[in-house]
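J.: Everything in the sequence shown is counted per the UniProt record's numbering, starting at 1 for the first residue and increasing by one.
Possibly wrong hints are sitting among the right ones.
Claimed, not checked - BS3-like, lysine-lysine: derived pairs with alpha carbons at most 25 Å apart:
1) Lys208 to Lys230
2) Lys93 to Lys82
3) Lys82 to Lys208
It should be emphasised that the hints constitute simulated quantities derived from the structure, not laboratory data. Here the structure is a predicted model, which means the values were calculated and not measured.
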Amino acid sequence: MDASPCPAAVHPAPCLLFPPAEPSPRNRRGGIPPKDDMPRERLLKLGPSALSNTELIALILGSGLPGHNVFEMARTLEDRFKSMRAMLNATEKDFDGLHGIGRAKIAQMLAIVEIVRRALHEELEHRSLLDSPHAVDEYLRLKIGGLSHEVFYCLYLDARHRLIQAEEVARGSLTQMAVYPREIVRRALLLNTAGLIVAHNHPSGAAKPSAADRQLTRVLHEALALVDIKLLDHIVVGASDVYSFSRNGLI
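Please model the entire structure based on the sequences and the hints provided.
T.: Printed below as a string of C-alpha cells:
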C-alpha cells in the first residue's frame with residue numbers, strides 16, 4: 001500500500017465563527033449593574049439564554065481584581081478572542097498579556113472548556129455515531145475547529161458504531177499536512193476497529209474539500225476496505241461550518 005503523504009490544499013483567509021457580541025446596554029459605560037440586575041440573578045430568574053456573551057463570561061470569572069471590574073475583564077477576553085468558539089479552543093498561552101486575567105481566572109476558563117469537551121466525548125462513547133451526526137460535528141468543531149494549524153483526526157468505532165478511541169494522527173502547518181494511510185490502517189487494526197470517521201480542519205476557514213482531500217479519502221477508503229474496515233465519513237471542519245463526504249454522497 002502506498003504510504004506517500006497526501007498534502008492538504010491551500011485555503012483562503014480565515015473568518016470569524018461568530019461576530020463579537022454586542023455589549024449589554026447596562027454595561028456599555030463599563031459600570032457594574034445593580035445587584036438585582038447582575039448576571040447570576042438574571043440567569044436564575046430568566047435562564048442562561050437571557051445573558052449576553054459578556055455577562056456569561058463575567059459569571060464564569062466570578063469577580064474582578066483591583067482596578068479591573070469583572071465586566072471589563074470579560075470584555076477584554078472578548079476583544080482578544082473575537083468569538084466564543086475561539087475562546088473554547090484557547091490554550092493557557094493564548095491568555096498571555098491580558099491585564100487583570102491571572103492564573104486563577106485562566107484556570108477557571110480552561111476548566112469550563114474541558115468540561116464541555118468531556119461531555120461531548122462521553123456522548124459519543126454511548127451513542128451510535130451514525131445516528132448522531134450533529135454530536136459528531138459539534139465534538140469535532142470544538143476539538144479541532146479553532147486551531148491555527150491543520151490536524152488530522154480519527155474516530156475509531158466498534159461494530160455498533162460507538163466510539164473506541166479519538167485521536168490526532170497528523171499535524172501540519174496553516175496550509176499543508178502529510179497524512180500516512182498505512183499508519184491509520186495499522187492503528188485501526190490494533191484497536192479492533194470496525195468503522196472509521198476521519199476529520200481535518202481548515203484553519204483558513206473554508207470547509208470546502210480540496211482535490212487533495214478527495215484523493216486522500218479515496219486512498220483511505222481503498223486501504224481500509226482491504227482489511228474489512230469501513231470508512232464511514234471524512235469531515236472537513238471550517239471556521240463556521242463542516243463538510244461531510246458521506247452526507248454529500250462522496251463515500
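J.: Hints first: check each against the structure and report whether it holds.
T.: Status of each hint after checking the structure:
1. Lys208 to Lys230: holds, 23 Å
2. Lys93 to Lys82: Given pair Lys93, Lys82 holds - Cα atoms ~16 Å apart, limit 25 Å.
3. Lys82 to Lys208: holds, 23 Å
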